[in-house]
Amino acid sequence: MSVKLFRAASSLVDLDITELNPTENSVLDLFDQALTSLTRLGKRAIALAPQIDLTVGLAPQIDLAAELTTQRSSDPRRSSRPTLSTELVDSPAIAALVAPPSVPSMVTISNLLFSGKEGDTGTFQLKLNLEKAPTSDITLAFTPGSFLVVDADGNLQNGTQNFVTFTPQTWNQIQTVWFIAEVDGIGTDRTIGNTIDYQLSGGALASGIYNLGSVANTYAPDTSRFDIDLDFRNDTSGFWTLERRAIAQKASTDWSSRIANEWTGLQLNGAINTLKTGSSVNTAFQTRRYVDDLVVFVNTINSNGTAGGYGGIEYDYGGWITSADLMPRVGQIAIDEAVSNTYLYNAVSHELGHTLGLLGLNWEGYLKQDFTTPQTAVFKGEYSKALNGGQDIPLQSQDGANPVTGGYDYWHPAAKISSILSYEWIYYLAGPTEMDFALLADSGYQIYGVNVPFPPVAPVVPVANVPPVTDQPTNTTSTNLQPDLQVVVAKTDPLPVQEEQLIIPISEVLQVAIESIQESDSVLQPI
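If you want this note's numbering, it's the 1-based position in the sequence shown plus 6.
Bear in mind the hints are in silico, worked out from the structure with no lab data behind them.
Cut-off 30 Å, straight-line C-alpha distance, at most; resulting in silico cross-link-like pairs (DSSO-like, lysine-lysine):
| # | residue 1 | residue 2 |
| --- | --- | --- |
| 1 | K256 | K282 |
| 2 | K256 | K422 |
| 3 | K391 | K422 |
| 4 | K123 | K282 |
| 5 | K422 | K386 |
| 6 | K123 | K256 |
| 7 | K133 | K123 |
| 8 | K256 | K391 |
Put together the whole structure using the sequences plus the hints.
Listed below in C-alpha coordinates is the structure:
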(Lines of atoms letter the chains of each structure in order from A and count residues from 1; the text may use other names and numbers.)
(Lines give C-alpha, C1' and ligand atoms only; values in the text may rest on other atoms or scores of the structure.)
Protein backbone atom coordinates (compact mmCIF):
# COMPACT_ATOMS: atom_id res chain seq x y z
CA MET A 1 0.00 0.00 0.00
CA SER A 2 0.97 3.64 -0.29
CA VAL A 3 -0.20 6.82 1.34
CA LYS A 4 -0.39 9.89 -0.86
CA LEU A 5 -0.53 13.26 0.84
CA PHE A 6 -2.19 16.09 -1.08
CA ARG A 7 -2.96 19.69 -0.32
CA ALA A 8 -6.53 20.90 -0.77
CA ALA A 9 -5.48 22.25 -4.14
CA SER A 10 -4.23 18.75 -5.01
CA SER A 11 -0.55 19.76 -5.04
CA LEU A 12 1.84 17.44 -3.23
CA VAL A 13 3.18 18.47 0.15
CA ASP A 14 6.91 18.69 0.82
CA LEU A 15 6.94 15.04 1.86
CA ASP A 16 5.58 14.16 -1.57
CA ILE A 17 4.79 10.44 -1.30
CA THR A 18 5.40 8.36 1.77
CA GLU A 19 5.61 4.76 0.66
CA LEU A 20 4.21 2.11 2.98
CA ASN A 21 4.67 -1.39 1.65
CA PRO A 22 4.15 -3.79 4.53
CA THR A 23 3.59 -7.42 3.79
CA GLU A 24 1.86 -8.44 6.98
CA ASN A 25 0.39 -5.25 8.42
CA SER A 26 -3.32 -4.98 8.96
CA VAL A 27 -5.39 -2.17 7.52
CA LEU A 28 -5.38 -0.42 10.89
CA ASP A 29 -1.59 -0.68 11.01
CA LEU A 30 -1.43 1.06 7.67
CA PHE A 31 -3.75 3.78 8.92
CA ASP A 32 -1.57 4.23 11.97
CA GLN A 33 1.51 4.62 9.83
CA ALA A 34 -0.25 7.03 7.51
CA LEU A 35 -1.50 9.16 10.35
CA THR A 36 1.91 9.16 11.97
CA SER A 37 3.12 10.95 8.89
CA LEU A 38 0.26 13.43 9.23
CA THR A 39 1.03 13.95 12.89
CA ARG A 40 4.65 14.73 12.14
CA LEU A 41 3.35 17.50 9.93
CA GLY A 42 1.29 18.81 12.84
CA LYS A 43 -1.94 17.85 11.11
CA ARG A 44 -5.14 16.13 12.23
CA ALA A 45 -7.50 13.57 10.64
CA ILE A 46 -10.78 11.98 11.70
CA ALA A 47 -11.93 8.57 10.40
CA LEU A 48 -15.59 7.78 9.73
CA ALA A 49 -14.97 4.05 9.64
CA PRO A 50 -16.75 2.29 12.55
CA GLN A 51 -14.64 1.38 15.58
CA ILE A 52 -11.64 3.31 14.26
CA ASP A 53 -10.43 6.41 16.09
CA LEU A 54 -7.92 8.21 13.97
CA THR A 55 -8.02 11.56 15.70
CA VAL A 56 -4.48 12.83 16.15
CA GLY A 57 -2.92 16.24 16.58
CA LEU A 58 -4.62 19.52 17.40
CA ALA A 59 -3.71 21.75 14.49
CA PRO A 60 -6.81 23.77 13.53
CA GLN A 61 -5.92 24.42 9.90
CA ILE A 62 -5.99 21.29 7.79
CA ASP A 63 -5.51 21.37 4.05
CA LEU A 64 -4.38 17.82 3.47
CA ALA A 65 -6.05 14.70 2.15
CA ALA A 66 -4.63 11.25 2.56
CA GLU A 67 -5.32 8.40 0.20
CA LEU A 68 -4.39 4.80 0.75
CA THR A 69 -4.42 2.78 -2.40
CA THR A 70 -4.18 -0.94 -2.82
CA GLN A 71 -0.94 -2.16 -4.33
CA ARG A 72 -1.02 -5.64 -5.79
CA SER A 73 2.01 -7.88 -6.29
CA SER A 74 2.83 -11.50 -6.75
CA ASP A 75 3.57 -11.85 -3.05
CA PRO A 76 1.07 -14.51 -1.86
CA ARG A 77 1.07 -13.01 1.63
CA ARG A 78 -0.46 -9.77 0.39
CA SER A 79 -4.22 -9.86 -0.01
CA SER A 80 -6.44 -7.51 -1.95
CA ARG A 81 -7.92 -5.06 0.56
CA PRO A 82 -10.61 -2.41 0.30
CA THR A 83 -9.32 0.98 -0.68
CA LEU A 84 -9.14 3.29 2.33
CA SER A 85 -9.18 6.98 1.59
CA THR A 86 -9.50 10.27 3.40
CA GLU A 87 -11.37 12.99 1.61
CA LEU A 88 -11.05 16.68 2.42
CA VAL A 89 -14.32 18.08 3.74
CA ASP A 90 -13.68 21.59 4.99
CA SER A 91 -11.59 21.03 8.13
CA PRO A 92 -10.45 18.56 9.34
CA ALA A 93 -9.72 15.87 6.77
CA ILE A 94 -11.98 12.83 7.00
CA ALA A 95 -10.95 9.24 6.45
CA ALA A 96 -13.64 6.89 5.16
CA LEU A 97 -13.84 3.29 3.98
CA VAL A 98 -14.53 2.90 0.26
CA ALA A 99 -16.11 -0.42 -0.74
CA PRO A 100 -14.63 -2.31 -3.66
CA PRO A 101 -16.58 -2.40 -6.93
CA SER A 102 -19.49 -4.86 -6.85
CA VAL A 103 -19.71 -7.80 -9.18
CA PRO A 104 -21.70 -6.82 -12.32
CA SER A 105 -25.35 -7.88 -12.13
CA MET A 106 -26.49 -10.76 -14.30
CA VAL A 107 -29.59 -8.72 -15.23
CA THR A 108 -29.63 -5.19 -16.61
CA ILE A 109 -32.93 -3.28 -16.24
CA SER A 110 -33.36 -0.05 -18.17
CA ASN A 111 -35.69 2.18 -20.21
CA LEU A 112 -38.43 2.59 -17.62
CA LEU A 113 -41.52 4.21 -19.14
CA PHE A 114 -43.99 5.05 -16.37
CA SER A 115 -45.94 8.14 -15.33
CA GLY A 116 -45.43 7.35 -11.66
CA LYS A 117 -49.19 7.54 -11.07
CA GLU A 118 -51.51 5.06 -9.40
CA GLY A 119 -53.64 3.14 -11.88
CA ASP A 120 -51.28 3.70 -14.80
CA THR A 121 -49.39 1.06 -16.74
CA GLY A 122 -45.72 1.11 -17.63
CA THR A 123 -42.91 -0.89 -19.17
CA PHE A 124 -39.22 -1.50 -18.65
CA GLN A 125 -36.64 -3.56 -20.50
CA LEU A 126 -34.22 -6.17 -19.25
CA LYS A 127 -31.30 -8.10 -20.65
CA LEU A 128 -29.16 -10.94 -19.36
CA ASN A 129 -25.49 -10.16 -18.82
CA LEU A 130 -23.80 -13.39 -19.82
CA GLU A 131 -20.47 -13.84 -21.52
CA LYS A 132 -21.78 -16.63 -23.69
CA ALA A 133 -24.95 -18.53 -24.45
CA PRO A 134 -26.20 -20.81 -21.66
CA THR A 135 -26.38 -24.53 -22.25
CA SER A 136 -29.94 -24.74 -20.91
CA ASP A 137 -32.99 -22.53 -20.50
CA ILE A 138 -32.94 -19.70 -17.95
CA THR A 139 -36.19 -18.69 -16.24
CA LEU A 140 -36.60 -15.17 -14.89
CA ALA A 141 -39.48 -15.01 -12.38
CA PHE A 142 -40.99 -11.86 -10.87
CA THR A 143 -42.56 -11.29 -7.46
CA PRO A 144 -44.14 -7.83 -7.48
CA GLY A 145 -45.19 -5.72 -4.51
CA SER A 146 -48.67 -5.86 -3.00
CA PHE A 147 -50.22 -3.41 -5.48
CA LEU A 148 -48.23 -4.25 -8.60
CA VAL A 149 -49.00 -6.69 -11.41
CA VAL A 150 -46.45 -7.61 -14.07
CA ASP A 151 -46.61 -9.30 -17.44
CA ALA A 152 -43.15 -10.73 -17.99
CA ASP A 153 -43.49 -11.31 -21.72
CA GLY A 154 -45.09 -7.91 -22.40
CA ASN A 155 -47.92 -9.49 -24.42
CA LEU A 156 -51.30 -8.93 -22.76
CA GLN A 157 -53.09 -10.81 -25.52
CA ASN A 158 -52.05 -14.05 -23.85
CA GLY A 159 -52.78 -12.77 -20.35
CA THR A 160 -50.35 -11.79 -17.62
CA GLN A 161 -47.34 -13.99 -16.90
CA ASN A 162 -44.99 -13.61 -13.92
CA PHE A 163 -42.05 -15.30 -15.62
CA VAL A 164 -40.20 -15.35 -18.91
CA THR A 165 -37.87 -18.02 -20.27
CA PHE A 166 -34.61 -17.36 -22.11
CA THR A 167 -33.32 -20.17 -24.29
CA PRO A 168 -29.79 -20.76 -25.60
CA GLN A 169 -31.09 -19.12 -28.78
CA THR A 170 -32.86 -16.08 -27.20
CA TRP A 171 -30.68 -15.42 -24.14
CA ASN A 172 -29.22 -12.17 -25.52
CA GLN A 173 -32.52 -10.61 -26.66
CA ILE A 174 -33.95 -7.57 -24.88
CA GLN A 175 -37.22 -8.39 -23.10
CA THR A 176 -39.94 -5.78 -22.49
CA VAL A 177 -41.91 -6.20 -19.25
CA TRP A 178 -45.35 -4.63 -18.75
CA PHE A 179 -46.73 -3.67 -15.34
CA ILE A 180 -49.57 -1.77 -13.71
CA ALA A 181 -49.50 0.16 -10.44
CA GLU A 182 -52.90 -0.85 -9.08
CA VAL A 183 -55.22 1.55 -7.28
CA ASP A 184 -55.12 0.74 -3.58
CA GLY A 185 -58.03 2.68 -2.10
CA ILE A 186 -55.85 4.35 0.54
CA GLY A 187 -55.93 7.90 -0.79
CA THR A 188 -52.28 8.82 -0.23
CA ASP A 189 -49.06 8.47 -2.19
CA ARG A 190 -47.52 5.00 -2.05
CA THR A 191 -43.91 5.59 -1.06
CA ILE A 192 -42.90 2.02 -0.20
CA GLY A 193 -43.66 -1.43 -1.55
CA ASN A 194 -43.31 -0.45 -5.21
CA THR A 195 -40.66 -3.06 -5.88
CA ILE A 196 -40.41 -6.03 -8.20
CA ASP A 197 -38.22 -8.90 -7.01
CA TYR A 198 -36.70 -11.09 -9.69
CA GLN A 199 -34.92 -14.42 -9.58
CA LEU A 200 -33.01 -16.41 -12.18
CA SER A 201 -33.13 -20.19 -12.20
CA GLY A 202 -32.08 -22.95 -14.53
CA GLY A 203 -28.96 -22.20 -16.53
CA ALA A 204 -28.04 -19.25 -14.27
CA LEU A 205 -28.71 -18.36 -10.64
CA ALA A 206 -29.16 -14.79 -9.42
CA SER A 207 -31.70 -12.51 -7.75
CA GLY A 208 -32.36 -8.82 -7.34
CA ILE A 209 -34.90 -6.08 -6.68
CA TYR A 210 -36.14 -3.38 -9.04
CA ASN A 211 -37.62 -0.32 -7.31
CA LEU A 212 -40.10 1.80 -9.26
CA GLY A 213 -39.91 4.59 -6.71
CA SER A 214 -42.84 6.48 -5.23
CA VAL A 215 -46.30 6.10 -6.82
CA ALA A 216 -48.48 9.22 -6.73
CA ASN A 217 -52.04 8.79 -5.52
CA THR A 218 -54.80 9.34 -8.08
CA TYR A 219 -57.71 7.39 -6.60
CA ALA A 220 -59.72 7.40 -3.39
CA PRO A 221 -62.99 5.55 -2.74
CA ASP A 222 -66.06 7.79 -2.73
CA THR A 223 -68.33 6.47 0.00
CA SER A 224 -70.94 9.13 -0.71
CA ARG A 225 -72.18 7.53 -3.93
CA PHE A 226 -72.25 4.34 -5.98
CA ASP A 227 -69.29 4.01 -8.32
CA ILE A 228 -68.88 1.94 -11.48
CA ASP A 229 -65.15 2.08 -12.18
CA LEU A 230 -64.05 1.21 -15.71
CA ASP A 231 -60.66 -0.48 -16.04
CA PHE A 232 -59.09 -0.37 -19.53
CA ARG A 233 -55.90 -2.34 -18.81
CA ASN A 234 -56.77 -5.03 -21.39
CA ASP A 235 -56.92 -2.62 -24.33
CA THR A 236 -54.14 -4.13 -26.42
CA SER A 237 -55.19 -2.52 -29.72
CA GLY A 238 -55.45 1.09 -28.58
CA PHE A 239 -59.16 1.20 -29.42
CA TRP A 240 -60.07 2.94 -26.18
CA THR A 241 -58.80 6.42 -26.94
CA LEU A 242 -59.45 9.27 -24.50
CA GLU A 243 -62.55 10.20 -26.51
CA ARG A 244 -63.97 6.69 -26.41
CA ARG A 245 -63.15 6.31 -22.74
CA ALA A 246 -65.10 9.49 -22.05
CA ILE A 247 -68.08 8.04 -23.93
CA ALA A 248 -67.88 4.84 -21.91
CA GLN A 249 -67.55 6.78 -18.66
CA LYS A 250 -70.67 8.79 -19.54
CA ALA A 251 -72.58 5.53 -19.95
CA SER A 252 -71.23 4.34 -16.60
CA THR A 253 -72.25 7.54 -14.80
CA ASP A 254 -75.76 7.44 -16.26
CA TRP A 255 -76.27 4.08 -14.55
CA SER A 256 -74.48 4.75 -11.27
CA SER A 257 -76.06 8.17 -10.63
CA ARG A 258 -79.43 6.50 -9.97
CA ILE A 259 -78.09 3.80 -7.63
CA ALA A 260 -78.28 4.68 -3.92
CA ASN A 261 -76.33 1.69 -2.59
CA GLU A 262 -72.80 1.82 -1.19
CA TRP A 263 -70.96 -1.49 -0.82
CA THR A 264 -68.06 -2.37 1.45
CA GLY A 265 -64.68 -2.03 -0.26
CA LEU A 266 -63.21 -5.15 -1.84
CA GLN A 267 -59.55 -5.97 -2.44
CA LEU A 268 -58.91 -8.19 -5.46
CA ASN A 269 -55.95 -10.55 -5.57
CA GLY A 270 -56.34 -13.20 -8.21
CA ALA A 271 -56.69 -14.09 -11.87
CA ILE A 272 -59.74 -13.46 -14.06
CA ASN A 273 -60.36 -15.14 -17.39
CA THR A 274 -60.62 -12.52 -20.12
CA LEU A 275 -64.02 -12.06 -21.76
CA LYS A 276 -63.43 -12.08 -25.51
CA THR A 277 -65.90 -14.00 -27.65
CA GLY A 278 -69.03 -14.32 -25.58
CA SER A 279 -67.44 -16.60 -23.02
CA SER A 280 -64.47 -16.46 -20.71
CA VAL A 281 -61.51 -18.08 -22.43
CA ASN A 282 -58.38 -19.55 -20.93
CA THR A 283 -56.49 -16.28 -21.13
CA ALA A 284 -56.27 -14.88 -17.63
CA PHE A 285 -55.08 -11.56 -16.30
CA GLN A 286 -53.94 -10.94 -12.75
CA THR A 287 -55.38 -8.07 -10.74
CA ARG A 288 -54.69 -6.64 -7.29
CA ARG A 289 -56.83 -3.55 -7.54
CA TYR A 290 -59.25 -2.12 -5.02
CA VAL A 291 -62.99 -2.15 -5.74
CA ASP A 292 -65.20 0.54 -4.26
CA ASP A 293 -68.60 -0.72 -5.45
CA LEU A 294 -68.36 -2.25 -8.92
CA VAL A 295 -65.39 -2.49 -11.27
CA VAL A 296 -65.84 -3.38 -14.93
CA PHE A 297 -62.86 -4.49 -17.00
CA VAL A 298 -63.31 -3.17 -20.53
CA ASN A 299 -62.11 -5.32 -23.44
CA THR A 300 -62.40 -5.29 -27.21
CA ILE A 301 -63.29 -7.97 -29.74
CA ASN A 302 -63.26 -8.35 -33.49
CA SER A 303 -66.29 -10.39 -34.45
CA ASN A 304 -66.26 -9.56 -38.17
CA GLY A 305 -69.67 -7.99 -37.85
CA THR A 306 -71.44 -10.82 -36.03
CA ALA A 307 -71.78 -9.13 -32.63
CA GLY A 308 -71.54 -5.66 -31.17
CA GLY A 309 -70.41 -6.70 -27.73
CA TYR A 310 -70.68 -8.92 -24.71
CA GLY A 311 -71.11 -8.28 -21.00
CA GLY A 312 -71.38 -10.27 -17.82
CA ILE A 313 -70.60 -10.75 -14.13
CA GLU A 314 -67.59 -12.41 -12.52
CA TYR A 315 -69.44 -14.65 -10.08
CA ASP A 316 -66.33 -15.51 -8.08
CA TYR A 317 -66.67 -12.11 -6.44
CA GLY A 318 -70.40 -11.45 -6.33
CA GLY A 319 -73.80 -11.73 -7.95
CA TRP A 320 -74.80 -15.32 -7.17
CA ILE A 321 -75.96 -17.44 -4.25
CA THR A 322 -72.56 -19.16 -4.18
CA SER A 323 -70.60 -15.90 -4.47
CA ALA A 324 -68.88 -14.02 -1.68
CA ASP A 325 -71.42 -11.23 -2.20
CA LEU A 326 -74.97 -11.54 -3.51
CA MET A 327 -74.63 -8.36 -5.55
CA PRO A 328 -72.25 -8.00 -8.53
CA ARG A 329 -68.85 -6.53 -7.64
CA VAL A 330 -66.72 -7.37 -10.70
CA GLY A 331 -67.78 -7.51 -14.33
CA GLN A 332 -66.42 -7.47 -17.85
CA ILE A 333 -67.59 -6.07 -21.15
CA ALA A 334 -66.12 -6.53 -24.63
CA ILE A 335 -67.04 -4.14 -27.43
CA ASP A 336 -66.48 -4.88 -31.10
CA GLU A 337 -64.00 -2.46 -32.64
CA ALA A 338 -66.34 -2.03 -35.61
CA VAL A 339 -68.91 -0.18 -33.48
CA SER A 340 -68.69 3.48 -34.45
CA ASN A 341 -68.48 6.33 -31.97
CA THR A 342 -72.07 7.24 -32.88
CA TYR A 343 -73.36 4.02 -31.32
CA LEU A 344 -70.59 3.35 -28.80
CA TYR A 345 -72.50 4.90 -25.89
CA ASN A 346 -75.49 2.62 -26.52
CA ALA A 347 -73.37 -0.51 -26.85
CA VAL A 348 -71.47 0.21 -23.63
CA SER A 349 -74.62 1.16 -21.72
CA HIS A 350 -76.33 -2.06 -22.80
CA GLU A 351 -73.41 -4.20 -21.63
CA LEU A 352 -73.03 -2.32 -18.35
CA GLY A 353 -76.65 -3.20 -17.66
CA HIS A 354 -75.65 -6.84 -17.82
CA THR A 355 -72.72 -6.36 -15.42
CA LEU A 356 -75.23 -4.91 -12.95
CA GLY A 357 -77.33 -8.07 -13.27
CA LEU A 358 -79.91 -7.33 -15.95
CA LEU A 359 -81.85 -9.22 -16.85
CA GLY A 360 -81.97 -12.13 -14.43
CA LEU A 361 -78.19 -12.40 -14.36
CA ASN A 362 -77.74 -11.79 -10.63
CA TRP A 363 -79.26 -14.07 -8.02
CA GLU A 364 -82.14 -11.84 -6.93
CA GLY A 365 -83.11 -11.09 -10.51
CA TYR A 366 -82.79 -14.73 -11.50
CA LEU A 367 -85.33 -15.71 -8.85
CA LYS A 368 -87.87 -13.47 -10.57
CA GLN A 369 -87.54 -15.18 -13.95
CA ASP A 370 -90.36 -17.48 -15.05
CA PHE A 371 -89.12 -19.92 -17.71
CA THR A 372 -92.20 -22.15 -17.80
CA THR A 373 -92.31 -21.95 -21.59
CA PRO A 374 -90.31 -19.77 -24.00
CA GLN A 375 -93.53 -18.31 -25.37
CA THR A 376 -94.69 -17.14 -21.92
CA ALA A 377 -91.36 -16.41 -20.18
CA VAL A 378 -91.52 -13.26 -18.06
CA PHE A 379 -89.65 -11.30 -15.41
CA LYS A 380 -91.82 -10.86 -12.31
CA GLY A 381 -90.74 -7.70 -10.56
CA GLU A 382 -92.89 -5.39 -8.46
CA TYR A 383 -91.57 -2.08 -9.75
CA SER A 384 -91.21 -3.01 -13.41
CA LYS A 385 -94.68 -4.58 -13.39
CA ALA A 386 -96.22 -1.38 -12.05
CA LEU A 387 -94.48 0.61 -14.77
CA ASN A 388 -95.73 -1.85 -17.42
CA GLY A 389 -99.41 -1.34 -16.66
CA GLY A 390 -99.62 -4.16 -14.14
CA GLN A 391 -98.16 -6.74 -16.52
CA ASP A 392 -95.01 -8.81 -15.96
CA ILE A 393 -92.11 -8.03 -18.27
CA PRO A 394 -92.07 -10.37 -21.30
CA LEU A 395 -88.64 -11.77 -22.18
CA GLN A 396 -86.92 -11.95 -25.55
CA SER A 397 -87.85 -15.63 -25.89
CA GLN A 398 -91.44 -14.57 -26.56
CA ASP A 399 -90.26 -13.00 -29.82
CA GLY A 400 -89.13 -16.38 -31.11
CA ALA A 401 -86.10 -18.62 -31.22
CA ASN A 402 -82.75 -17.67 -32.63
CA PRO A 403 -83.07 -18.49 -36.34
CA VAL A 404 -79.48 -19.75 -36.45
CA THR A 405 -79.16 -21.79 -33.27
CA GLY A 406 -82.79 -22.48 -32.42
CA GLY A 407 -82.14 -21.38 -28.84
CA TYR A 408 -84.17 -18.95 -26.76
CA ASP A 409 -82.96 -15.79 -25.06
CA TYR A 410 -84.17 -15.22 -21.50
CA TRP A 411 -81.76 -12.41 -20.58
CA HIS A 412 -83.30 -9.46 -22.45
CA PRO A 413 -86.74 -7.84 -22.41
CA ALA A 414 -88.98 -8.49 -25.38
CA ALA A 415 -89.04 -6.05 -28.29
CA LYS A 416 -92.10 -4.18 -27.04
CA ILE A 417 -90.40 -3.11 -23.79
CA SER A 418 -88.74 0.29 -23.93
CA SER A 419 -85.38 -0.66 -22.43
CA ILE A 420 -81.77 -0.21 -23.46
CA LEU A 421 -81.48 -3.93 -22.69
CA SER A 422 -83.98 -4.68 -25.47
CA TYR A 423 -82.55 -5.58 -28.88
CA GLU A 424 -85.33 -3.60 -30.53
CA TRP A 425 -84.61 -0.39 -28.63
CA ILE A 426 -80.90 -0.37 -27.90
CA TYR A 427 -79.89 2.05 -30.66
CA TYR A 428 -83.00 4.23 -30.45
CA LEU A 429 -82.61 5.36 -26.84
CA ALA A 430 -80.49 8.13 -25.39
CA GLY A 431 -79.70 6.08 -22.27
CA PRO A 432 -81.24 3.79 -19.66
CA THR A 433 -84.99 4.30 -19.31
CA GLU A 434 -87.21 4.36 -16.23
CA MET A 435 -88.02 0.75 -17.06
CA ASP A 436 -84.32 -0.14 -16.81
CA PHE A 437 -84.08 1.46 -13.38
CA ALA A 438 -87.26 -0.31 -12.28
CA LEU A 439 -85.69 -3.60 -13.38
CA LEU A 440 -82.62 -2.74 -11.27
CA ALA A 441 -84.84 -2.06 -8.26
CA ASP A 442 -86.45 -5.46 -8.78
CA SER A 443 -82.96 -7.00 -8.96
CA GLY A 444 -81.93 -5.91 -5.46
CA TYR A 445 -80.76 -2.31 -5.89
CA GLN A 446 -81.93 0.85 -4.17
CA ILE A 447 -82.79 3.20 -7.00
CA TYR A 448 -83.41 6.90 -6.62
CA GLY A 449 -86.92 7.73 -7.76
CA VAL A 450 -88.08 4.10 -7.71
CA ASN A 451 -87.75 2.48 -4.27
CA VAL A 452 -85.91 5.32 -2.46
CA PRO A 453 -86.58 9.06 -2.79
CA PHE A 454 -84.29 11.29 -4.77
CA PRO A 455 -81.71 13.06 -2.61
CA PRO A 456 -82.48 16.69 -1.79
CA VAL A 457 -81.33 19.14 -4.41
CA ALA A 458 -79.17 22.02 -3.24
CA PRO A 459 -80.88 25.39 -3.81
CA VAL A 460 -79.71 27.39 -6.79
CA VAL A 461 -78.09 30.65 -5.73
CA PRO A 462 -78.96 33.48 -8.17
CA VAL A 463 -76.04 35.12 -9.88
CA ALA A 464 -76.05 38.89 -9.54
CA ASN A 465 -75.96 41.26 -12.52
CA VAL A 466 -77.04 38.66 -15.07
CA PRO A 467 -79.66 40.14 -17.45
CA PRO A 468 -82.75 38.03 -18.12
CA VAL A 469 -82.96 36.10 -21.35
CA THR A 470 -85.53 37.70 -23.63
CA ASP A 471 -84.79 36.09 -26.97
CA GLN A 472 -84.70 32.53 -28.10
CA PRO A 473 -81.23 31.00 -27.78
CA THR A 474 -79.28 30.56 -30.96
CA ASN A 475 -78.35 27.13 -32.17
CA THR A 476 -75.05 25.85 -30.83
CA THR A 477 -73.03 22.75 -31.45
CA SER A 478 -74.01 20.01 -29.05
CA THR A 479 -71.30 18.55 -26.85
CA ASN A 480 -73.45 15.66 -25.70
CA LEU A 481 -71.58 12.38 -26.09
CA GLN A 482 -74.83 10.49 -26.75
CA PRO A 483 -76.23 10.26 -30.28
CA ASP A 484 -79.16 12.57 -30.99
CA LEU A 485 -81.66 9.83 -31.80
CA GLN A 486 -85.45 9.93 -31.84
CA VAL A 487 -87.03 7.57 -29.35
CA VAL A 488 -89.22 5.42 -31.57
CA VAL A 489 -89.92 1.75 -32.04
CA ALA A 490 -88.22 0.28 -35.09
CA LYS A 491 -90.85 -0.39 -37.75
CA THR A 492 -88.87 -2.95 -39.72
CA ASP A 493 -89.03 -6.65 -39.08
CA PRO A 494 -86.81 -7.79 -36.23
CA LEU A 495 -83.27 -8.46 -37.35
CA PRO A 496 -82.05 -12.02 -36.80
CA VAL A 497 -79.70 -12.51 -33.90
CA GLN A 498 -76.34 -13.09 -35.52
CA GLU A 499 -74.58 -15.28 -32.96
CA GLU A 500 -75.25 -18.15 -30.63
CA GLN A 501 -77.45 -17.28 -27.65
CA LEU A 502 -77.26 -18.71 -24.15
CA ILE A 503 -79.33 -21.82 -23.44
CA ILE A 504 -79.31 -22.46 -19.69
CA PRO A 505 -81.79 -24.83 -17.99
CA ILE A 506 -83.57 -23.46 -14.94
CA SER A 507 -82.19 -26.25 -12.77
CA GLU A 508 -78.58 -25.27 -13.44
CA VAL A 509 -76.72 -22.51 -11.70
CA LEU A 510 -75.51 -19.91 -14.16
CA GLN A 511 -71.81 -20.33 -14.73
CA VAL A 512 -71.40 -17.33 -16.98
CA ALA A 513 -73.65 -14.47 -17.94
CA ILE A 514 -72.88 -13.22 -21.39
CA GLU A 515 -74.73 -12.20 -24.48
CA SER A 516 -74.30 -10.53 -27.81
CA ILE A 517 -75.85 -7.42 -29.24
CA GLN A 518 -77.98 -7.70 -32.34
CA GLU A 519 -76.41 -5.38 -34.90
CA SER A 520 -77.28 -3.93 -38.29
CA ASP A 521 -74.81 -3.09 -41.02
CA SER A 522 -75.28 0.61 -40.32
CA VAL A 523 -74.18 0.12 -36.74
CA LEU A 524 -71.14 -1.94 -37.58
CA GLN A 525 -69.65 0.62 -39.90
CA PRO A 526 -65.87 1.11 -39.76
CA ILE A 527 -64.67 3.85 -37.45
